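Chains as they are written, first to last, in our numbering: chain Z, 243 to 532; chain C, 243 to 532.
There could be a bad hint or two in this list.
Which copy? The list can't say, so a pair holds if one copy fits it or any two copies do.
Each computed SDA-like pair below joins lysine to any residue, with the alpha-carbon atoms no more than 25 angstroms apart [unchecked claim]:
no.	residue 1	residue 2
1	Lys521	Ala349
2	Lys483	Ala273
3	Lys343	Val490
4	Lys288	Val406
5	Lys245	Trp507
6	Lys496	Tyr271
7	Lys288	Arg341
8	Lys483	Tyr271
9	Lys521	Ala273
10	Lys481	Ser274
11	Lys516	Tyr413
12	Lys521	Glu400
13	Lys483	Leu326
14	Lys288	Arg530
15	Lys483	Arg270
16	Lys348	Asp337
17	Lys481	Tyr271
18	Lys505	Met416
19	Lys516	Glu268
20	Lys516	Asp463
21	Lys481	Pro332
22	Lys516	Asp439
In short, the hints are calculated from the structure, not lab data. For clarity, every value in this text was computed on a predicted model and none was experimentally measured.
Chain residues, written in single-letter form:
There are 2 protein chains.
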Amino acid sequence: MDKLMAFIKRVSEATDAMLERVLPPEERYPASIHALMRYSSFAGGKRVRPCLVAAAYEACGGADGDERVFKAAAAIEMLHTFSLIHDDLPCMDDDDFRRGKPTAHKAFGEALAVLGGDALCILAFETLASVGRIDIISEIASALGTSGMLGGQVVDIESEGLHVGRETVEYIHMNKTAALIRASIRVGALLADAPADALERLSSYGNNVGLAFQVVDDILDEEGTTETLGKDAGSDAEKGKATYPAVVGMDESKKYAHELIEKAWADIAFLGDKGAILKDLAEYIRVRIS
Amino acid sequence: MDKLMAFIKRVSEATDAMLERVLPPEERYPASIHALMRYSSFAGGKRVRPCLVAAAYEACGGADGDERVFKAAAAIEMLHTFSLIHDDLPCMDDDDFRRGKPTAHKAFGEALAVLGGDALCILAFETLASVGRIDIISEIASALGTSGMLGGQVVDIESEGLHVGRETVEYIHMNKTAALIRASIRVGALLADAPADALERLSSYGNNVGLAFQVVDDILDEEGTTETLGKDAGSDAEKGKATYPAVVGMDESKKYAHELIEKAWADIAFLGDKGAILKDLAEYIRVRIS
Chain Z
243 MDKLMAFIKR
253 VSEATDAMLE
263 RVLPPEERYP
273 ASIHALMRYS
283 SFAGGKRVRP
293 CLVAAAYEAC
303 GGADGDERVF
313 KAAAAIEMLH
323 TFSLIHDDLP
333 CMDDDDFRRG
343 KPTAHKAFGE
353 ALAVLGGDAL
363 CILAFETLAS
373 VGRIDIISEI
383 ASALGTSGML
393 GGQVVDIESE
403 GLHVGRETVE
413 YIHMNKTAAL
423 IRASIRVGAL
433 LADAPADALE
443 RLSSYGNNVG
453 LAFQVVDDIL
463 DEEGTTETLG
473 KDAGSDAEKG
483 KATYPAVVGM
493 DESKKYAHEL
503 IEKAWADIAF
513 LGDKGAILKD
523 LAEYIRVRIS
Chain C
243 MDKLMAFIKR
253 VSEATDAMLE
263 RVLPPEERYP
273 ASIHALMRYS
283 SFAGGKRVRP
293 CLVAAAYEAC
303 GGADGDERVF
313 KAAAAIEMLH
323 TFSLIHDDLP
333 CMDDDDFRRG
343 KPTAHKAFGE
353 ALAVLGGDAL
363 CILAFETLAS
373 VGRIDIISEI
383 ASALGTSGML
393 GGQVVDIESE
403 GLHVGRETVE
413 YIHMNKTAAL
423 IRASIRVGAL
433 LADAPADALE
443 RLSSYGNNVG
453 LAFQVVDDIL
463 DEEGTTETLG
473 KDAGSDAEKG
483 KATYPAVVGM
493 DESKKYAHEL
503 IEKAWADIAF
513 LGDKGAILKD
523 LAEYIRVRIS
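Next comes chain Z alone, as it looks inside the complex (with noise of 0.2 angstroms):
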């Protein structure tokens, strides 16, 4: 995993290198919601997208260097922090902390934390359109609608305390969080135009890797400590969230997640060695309950 992790360290570097450049300074009025911005875009995010970004980018034959993959990759995290800055609200999860810090509501209050999610939504697509693509814009604001992420979300809300079975669960999941995950493996593969069947693969890819993250944060939310999510630990539960473990127990929900790395590795055999990194960082989701 040496060289996972080197490439992880070298993209997140670059995200956050084009993150500082496209973010306002916190010192320009109004500063209030610029700090907000920045506060959660360096709250300790694991960059997990951008990697995904620029694994397909680079797997599909990219050319180095190119700068579009890290604007990509930028806006997509501030998608990704946009949707949990909302997520976290007192009338949503109402969750005060995330990755060990206060979250943007707790810290900067209610008003802010809305409007400042908006603005790191709306930066995105400034940032997406400098990219000069429309197909890759498409591809995203379809993957964050109603029929993608916002979509899981609304079912996730909804289903709060109701017991609801299987087939609602993988919508949420399917939805809430693999949608925007599969949309991070199509931006990339799309950057460094790669043909319909490769991307077709990828995107199953993306689904299978998509869905195993989000049952494998369901895992750890029973099994982790407070301290090791940087979140309190069982908090789903107490929720009544409609998590795998809850419909399907915690035996059967690890190996799922197991069989979807595995369906996950199988969409992108086609690659060869130039899968590898997408083949680790599936590796890398499921290594975390191993």
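Once you've looked at the hints, dock chain C against the given chain Z.
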């Protein structure tokens, strides 16, 4: 004003038809958010921004029957609606009524109002992508961000009860309201491939009309009745909002609104007869207080 009324009717109908087409049907899962998006999009908005898009497009010699104009107009209207939904939230302006109907969070709950606003914003960018012009996406994103609409909203919220000066009120109005109005006009001109000097004059027209629009709104909030406004009259004063009447008085505010409209007229004198609708639209804003 007969020609103007016919124009407004035509553009409103075309915009509504486009919104009808791009908004997901209410029965699509998850239904609640789609119901909210339609509820707020068809809540009696006057379609001022779509009229400005179409008027600028036609004044700059754009060809008849160009669907892109109404896609852009519908997207801008969705972005305006997104900003109103979030603005009305309890943590922001805490308004229960808008245009005589319960606000989104009153009708659907706070969580759905946050997500529904987000969804309209995302769908707007998806719709703009289908127009196929990167420059228009940049234009609108930059008008909405923290050096535009969202910056104005932040200062608006933070100025409540603070007795700020005219400069701050001017900043709020120029950004919160005028930025998207100016962008609407510029988008129409860009779609008609207007030359740079026309764009510049139309931008100035947009600033003047946009500022006048908000000054008139402030005046009406103080002088109108709850019945004519569709929301609580005098609510700005009650909240200690930074408004023109509050900082410069009512007489000076009316005088300023008239001056701004006259400046707007001067800006578009170069269009001659082709600018008739833009001229009448500016007058239409003024007559509300005449």
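Checked hints:
1. Taking CA atoms no more than 25 angstroms apart as the test, Lys521 paired with Ala349 passes in neither setting, with 38 angstroms inside one copy and 47 angstroms between copies.
2. Taking the shortest Cα distances, Lys483 and Ala273 sit within 25 angstroms of each other only across copies (20 angstroms), while inside one copy they are farther apart (36 angstroms).
3. In this homomeric assembly, Lys343 and Val490 never come within 25 angstroms of each other (Cα to Cα): the closest approach is 32 angstroms inside a single copy and 44 angstroms across copies.
4. In the homo-oligomer, the alpha carbons of Lys288 and Val406 never lie at most 25 angstroms apart, since the shortest distance is 30 angstroms inside one protomer and 42 angstroms across protomers.
5. In this homomeric assembly, Lys245 and Trp507 come within 25 angstroms of each other (Cα to Cα) only inside a single copy, at 18 angstroms, whereas the closest approach across copies is 64 angstroms.
6. Neither within a single protomer nor between protomers do Lys496 and Tyr271 lie at most 25 angstroms apart by alpha-carbon distance, with minima of 48 angstroms and 29 angstroms respectively.
7. For a Cα distance limit of 25 angstroms, the shortest separation of Lys288 from Arg341 inside one copy, 10 angstroms, qualifies, whereas the shortest one across copies, 44 angstroms, does not.
8. In this assembly of identical chains, Lys483 and Tyr271 lie within 25 angstroms of each other by CA distance solely across copies; the values are 19 angstroms between and 39 angstroms within a copy.
9. Taking CA atoms no more than 25 angstroms apart as the test, Lys521 paired with Ala273 passes in neither setting, with 42 angstroms inside one copy and 37 angstroms between copies.
10. For the homomeric pair Lys481 and Ser274, the shortest alpha-carbon distance between copies (21 angstroms) is at most 25 angstroms, but the shortest distance inside one copy (31 angstroms) is not.
11. Within a single copy, Lys516 and Tyr413 get their C-alpha atoms no closer than 31 angstroms, and across copies no closer than 53 angstroms, so neither meets the 25 angstroms cut-off.
12. With identical chains, the CA atoms of Lys521 and Glu400 are never at most 25 angstroms apart, being 35 angstroms at best within one copy and 49 angstroms at best between copies.
13. For a Cα distance limit of 25 angstroms, the shortest separation of Lys483 from Leu326 inside one copy, 16 angstroms, qualifies, whereas the shortest one across copies, 30 angstroms, does not.
14. In the homo-oligomer, the alpha carbons of Lys288 and Arg530 lie at most 25 angstroms apart inside one protomer (13 angstroms), although the nearest pairing across protomers, at 53 angstroms, exceeds that limit.
15. For a Cα distance limit of 25 angstroms, the shortest separation of Lys483 from Arg270 across copies, 23 angstroms, qualifies, whereas the shortest one inside one copy, 40 angstroms, does not.
16. In this assembly of identical chains, the alpha carbons of Lys348 and Asp337 lie at most 25 angstroms apart whether taken from the same copy (9 angstroms) or from different copies (23 angstroms).
17. Within a single copy, Lys481 and Tyr271 get their C-alpha atoms only as close as 39 angstroms, which misses the 25 angstroms cut-off; across copies the closest is 23 angstroms, which meets it.
18. In this homomeric assembly, Lys505 and Met416 come within 25 angstroms of each other (Cα to Cα) only inside a single copy, at 15 angstroms, whereas the closest approach across copies is 53 angstroms.
19. Proximity of Lys516 to Glu268 under the C-alpha cut-off of 25 angstroms is found in neither arrangement, the shortest distances being 40 angstroms within a copy and 44 angstroms between copies.
20. In the homo-oligomer, the alpha carbons of Lys516 and Asp463 never lie at most 25 angstroms apart, since the shortest distance is 33 angstroms inside one protomer and 63 angstroms across protomers.
21. In this homomeric assembly, Lys481 and Pro332 come within 25 angstroms of each other (Cα to Cα) both inside a single copy, at 13 angstroms, and across copies, at 23 angstroms.
22. With identical chains, the CA atoms of Lys516 and Asp439 are at most 25 angstroms apart within one copy only, with a shortest distance of 16 angstroms there and 51 angstroms across copies.
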